[in-house]
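> Sequence order for the protein chains is D and V. Take the first sequence: its position 24, counted from the start at 1, is 24 in this note's numbering, and no numbers get skipped. Take the second sequence: its position 82, counted from the start at 1, is 82 in this note's numbering, and no numbers get skipped.
Rather than coming from a laboratory, the hints here were simulated on the basis of the structure. Watch out, some of these pointers could steer you wrong.
Note that identical chains are pooled: a pair holds if it fits in a single copy or bridges any two copies.
Claimed, not checked - Pairs of lysine to any residue, SDA-like flavour, derived with a Cα cap of 25 Å: (1) Lys218 x Gly348; (2) Lys5 x Ser83; (3) Lys5 x Glu189; (4) Lys276 x Gly52.
2 protein chains.
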Amino acid sequence: MSDNKPSATRRQFLGGAALAAGAAATGKLVHAQAADPLITELQPWQQFLGPGVDAAPYGMPSPFESHVVRRNVPWLTADSVSSVNFTPLHEMEGIITPNGLAFERHHGGVAEIDPADHRLMINGLVDTQMVFTMQDLMRFPRENRTYFLECAANSGMEWRGAQLNGCQFTHGMIHNVVYTGVPLRLLLEEAGVQTNGTWLLAEGADASAMTRSIPMEKCLDDCLVATHMNGERLRPEQGYPLRLVVPGWEGNMWVKWLRRLEVGDQPWHHREETSKYTDLLANGDARRFTWVMDAKSVITNPSPQAPILHGPGPTVLTGVAWSGRGTIPRVDVTLDGGMNWHQARMSGPSFDKSMHRFYFEFDWDGSELLLQSRAHDSTGYVQPTKDQLREIRGENSIYHNNGIQTWLVRENGESENVEVG
Amino acid sequence: MSDNKPSATRRQFLGGAALAAGAAATGKLVHAQAADPLITELQPWQQFLGPGVDAAPYGMPSPFESHVVRRNVPWLTADSVSSVNFTPLHEMEGIITPNGLAFERHHGGVAEIDPADHRLMINGLVDTQMVFTMQDLMRFPRENRTYFLECAANSGMEWRGAQLNGCQFTHGMIHNVVYTGVPLRLLLEEAGVQTNGTWLLAEGADASAMTRSIPMEKCLDDCLVATHMNGERLRPEQGYPLRLVVPGWEGNMWVKWLRRLEVGDQPWHHREETSKYTDLLANGDARRFTWVMDAKSVITNPSPQAPILHGPGPTVLTGVAWSGRGTIPRVDVTLDGGMNWHQARMSGPSFDKSMHRFYFEFDWDGSELLLQSRAHDSTGYVQPTKDQLREIRGENSIYHNNGIQTWLVRENGESENVEVG
Chain D
1 MSDNKPSATR
11 RQFLGGAALA
21 AGAAATGKLV
31 HAQAADPLIT
41 ELQPWQQFLG
51 PGVDAAPYGM
61 PSPFESHVVR
71 RNVPWLTADS
81 VSSVNFTPLH
91 EMEGIITPNG
101 LAFERHHGGV
111 AEIDPADHRL
121 MINGLVDTQM
131 VFTMQDLMRF
141 PRENRTYFLE
151 CAANSGMEWR
161 GAQLNGCQFT
171 HGMIHNVVYT
181 GVPLRLLLEE
191 AGVQTNGTWL
201 LAEGADASAM
211 TRSIPMEKCL
221 DDCLVATHMN
231 GERLRPEQGY
241 PLRLVVPGWE
251 GNMWVKWLRR
261 LEVGDQPWHH
271 REETSKYTDL
281 LANGDARRFT
291 WVMDAKSVIT
301 NPSPQAPILH
311 GPGPTVLTGV
321 AWSGRGTIPR
331 VDVTLDGGMN
341 WHQARMSGPS
351 FDKSMHRFYF
361 EFDWDGSELL
371 LQSRAHDSTG
381 YVQPTKDQLR
391 EIRGENSIYH
401 NNGIQTWLVR
411 ENGESENVEV
421 G
Chain V
1 MSDNKPSATR
11 RQFLGGAALA
21 AGAAATGKLV
31 HAQAADPLIT
41 ELQPWQQFLG
51 PGVDAAPYGM
61 PSPFESHVVR
71 RNVPWLTADS
81 VSSVNFTPLH
91 EMEGIITPNG
101 LAFERHHGGV
111 AEIDPADHRL
121 MINGLVDTQM
131 VFTMQDLMRF
141 PRENRTYFLE
151 CAANSGMEWR
161 GAQLNGCQFT
171 HGMIHNVVYT
181 GVPLRLLLEE
191 AGVQTNGTWL
201 LAEGADASAM
211 TRSIPMEKCL
221 DDCLVATHMN
231 GERLRPEQGY
241 PLRLVVPGWE
251 GNMWVKWLRR
261 LEVGDQPWHH
271 REETSKYTDL
281 LANGDARRFT
291 WVMDAKSVIT
301 NPSPQAPILH
311 GPGPTVLTGV
321 AWSGRGTIPR
331 VDVTLDGGMN
341 WHQARMSGPS
351 FDKSMHRFYF
361 EFDWDGSELL
371 LQSRAHDSTG
381 YVQPTKDQLR
391 EIRGENSIYH
401 NNGIQTWLVR
411 ENGESENVEV
421 G
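With these hints in hand, go ahead and build the complete structure from the sequences.
Structure, rendered in structure tokens:
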């Protein structure tokens, strides 16, 4: 029988029975009492002047954070120009993904475009065919909104069982940034969509000429033609100078290096919506146009890449949750593989179709843990187990795996990716 | 008489009388009609594979954005280790300052600290003197909050008249990021503040041994001991691995490389709160402990570093506003030096003591403009003119200039820093 205790109040958190080795007799989180030479002796950085303000016009993280990087899985794809790397979720806090750490998915490498040479064309079933420069676009009213972008294949390798050891790899095909852009609706109204214009083809300027069909209703709702992310221009690998933002829908539709929008009266049935980005069911049928990313969550700490290093006692569990259908008012976590669920503490802003941050503070008794999180979204939908997903969709799928993730934490604080029945 | 028209509705914005040179006869924002070779001819980036996902584990901006950097003013200080650089506000969007562009102010250069060797001590009038490692701190509950940090000397050089040509230099000693940290209150409660403990001294581990006195009431209210900014660990120049966050109060108090918190029964009267960071009035008295940053705003585009390049017609004016006392529900802008004021459109989230983004779309008639913005905060306070500030505080001050800024925009779209009576 486990003795892990949720810390319902701060006093409970700090006054719990199982405390860190070395904690003072007061039962508090004391590391040392003044005798620590790192406090009593003058350190080099206190004695010598460091670099000045001219050292880095565009700053970078500390060299001590050099392990905090996007990582790819070399065996996953034949060539890095049509591949993916992963956001280091286990190293991150809050809900904003720093631009330098936002995962990449390319189909023909990064298009390197001088914005002075970039154009956006609107053609097809419109009153006036149009071509915009970047400067033209900056003359339209723009908006600022925070959205997650998740690749439809995120967690795809987990369909047939626990595969990859770390939330960076199981869940890291996601990022969450503040976009600044022109509502797509304004550009389409400028061109004048004809009454039979019910679909839009978005086309990228990269070597893969990525195209996706999007229903007009979504285009006129909340899509943006984005120029900025997290306060600065889009990064090259995120579509600089122009990307389509399709809130809550699978990342492949967020066409990067956006060069053309064609209005039509039916979908185009291109490769990325037929042979790819469809879900093959057990009976051989394929689900198509499964655009929305359903509610999902993952515990980022502790996790296989982020072991518990401090031994038993007060422990902070944290993770992220998101839904393509709204906000995340609630996340539950379990320490024992689903026998007991506890409501997590949500922290930071709650935006529609954005990542949310949750915490659960508890006194770890040092025994094995089976950690899971379960997101509830604002529509009432509850994140399913992987088995519940497999019951309906079989085991052929790659895309749209939003099943509950389990980490086994061992007594030594290390953890691994497992499945529980 | 000016013919500039605010664009009250989108139709008005697009259908205005004064349109860009080269606009089509439809009166729309058309750049070209399909004949543009950048659309009709295949471009290099469409033909050749670009860099793959292994190109940059930690990504950087496009080479075409190399002008978007922090800048210092070399003549301002004797040495860059005790100096300041400035956030390029005119290149930014939304409310988040990317970490690489957040302005720096050092008093002894950047302390370069291995987090394994960093300690935080709490001493003075406490029940238990304590020393925390970074790992200890990560065992406390943490919060995520978005705050602006403004140097008290921001706009200081403008006290005696218009000096510096660009909002980067007049207003760029500010950044706005999402902090993750432990509430200072929790750490102080852990040590046990004694009843006569009414002040806190915060001390940095850098070569300047920065210290500031903070009243206990503020410490127990909303201060954080922050480990992360914008989702990743603090940057070295922002106090890695630990900084004090003192929401709404002058930046100098947000002690970086935080190593010690001493509880006392009175302020310490150290250099940075006597000879510096006080406001010398005309009668020779000095205002002291003027911690709160009052409501302020600035138009970032157009501005001296961001001319109007597109000629008359639809134009987007934008800027930022903030208050150390709350939120910014409203910003007014004028195109004619204060004769007519228009309510700007606020965009993006509104957080307490955070930067806010505003826009004003108008049809520029090509005549000279005198641009100003005026922030209203949630307490009802309205940003004053510079003359109103000088009436009360004289012209000796350096700190706490939150006066209204004016840009003169000439007919050629270029602008400069001016004052209007």
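> So, for every hint listed, does it hold in this structure?
Here is how each hint holds up against the structure:
1. In this assembly of identical chains, the alpha carbons of Lys218 and Gly348 lie at most 25 Å apart only when taken from different copies (21 Å versus 28 Å within one copy).
2. Neither within a single protomer nor between protomers do Lys5 and Ser83 lie at most 25 Å apart by alpha-carbon distance, with minima of 43 Å and 49 Å respectively.
3. Taking the shortest Cα distances, Lys5 and Glu189 sit within 25 Å of each other only across copies (21 Å), while inside one copy they are farther apart (57 Å).
4. For the homomeric pair Lys276 and Gly52, the shortest alpha-carbon distance between copies (20 Å) is at most 25 Å, but the shortest distance inside one copy (51 Å) is not.
In summary, the structure is inconsistent with hint 2 from the numbered list given earlier, while agreeing with all the others.
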